[in-house]
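Its first residue numbered 1, the sequence shown is counted upward by one per residue in our numbering.
Source of the hints: derived by calculation from the structure; they are not laboratory data.
Wrong hints could be hidden among the right ones.
Stated by the list, open to error - Distance ranges between label pairs, derived from CB positions:
no., residue 1, residue 2, range
1, 21, 59, 19 to 29 Å
2, 49, 6, 45 to 55 Å
3, 46, 24, 17 to 27 Å
Claimed, not checked - Straight-line C-alpha distance at most 30 Å; calculated DSSO-like pairs for lysine-lysine:
no., residue 1, residue 2
4, 84, 7
5, 15, 3
6, 84, 13
7, 8, 84
8, 15, 84
9, 13, 3
We treat Cβ as the ideally placed atom computed from N, Cα and C, and that holds for glycine.
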Amino acid sequence: MNKATEKKERGIKIKYTAVFLFLLVALVAGLSLGTEFYSLRRLLHLTDIDKMILFNIRGPRVLAAFIIGAGLSITGAVLQAILKNPLAE
Numbered sequence: 001m002n003k004a005t006e007k008k009e010r011g012i013k014i015k016y017t018a019v020f021l022f023l024l025v026a027l028v029a030g031l032s033l034g035t036e037f038y039s040l041r042r043l044l045h046l047t048d049i050d051k052m053i054l055f056n057i058r059g060p061r062v063l064a065a066f067i068i069g070a071g072l073s074i075t076g077a078v079l080q081a082i083l084k085n086p087l088a089e
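Produce the complete structure using the sequences and hints provided.
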C-alpha cells in the first residue's frame, strides 16, 4: 500500500474508535444518570433493587435511544442520497 492509503485507513480507524468510545460513554451515562446517580463502582456491585431499576427501566430506555438514533441517521443519509443534496456530499 502507498502512504496515502495507509494514512486514509489510519484516519478511518481513529474515527471508528472515537465513535465507539463516545457510544460507550453515552451508554454508561444513560445507565448511571437519573433520579438516583449510579457511580461506576455501584454499577459493578448491584443490589437486587438496583438490578431491577437498571434492567427494567434504564436499560431498555438506553437501548431504545440507540436504536432510534441509528434509525434516524440512516433515514437522513438515505434521504440526502435520494434528493441528491450537493451539500451532503
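Hint check:
1. 21 / 59: 19 to 29 Å: Given a distance of about 20 Å, which is inside 19 to 29 Å, the answer is holds.
2. 49 / 6: 45 to 55 Å: At 52 Å between Cβs, range holds.
3. 46 / 24: 17 to 27 Å: 19 Å, holds
4. 84 / 7: 29 Å, holds
5. 15 / 3: 18 Å, holds
6. 84 / 13: OK: residue 84 and residue 13 at ~28 Å, within 30 Å.
7. 8 / 84: 25 Å, holds
8. 15 / 84: The given pair, whose Cα atoms are some 25 Å apart, holds under the 30 Å limit.
9. 13 / 3: It holds: about 15 Å lies between the C-alpha atoms, which stays within 30 Å.
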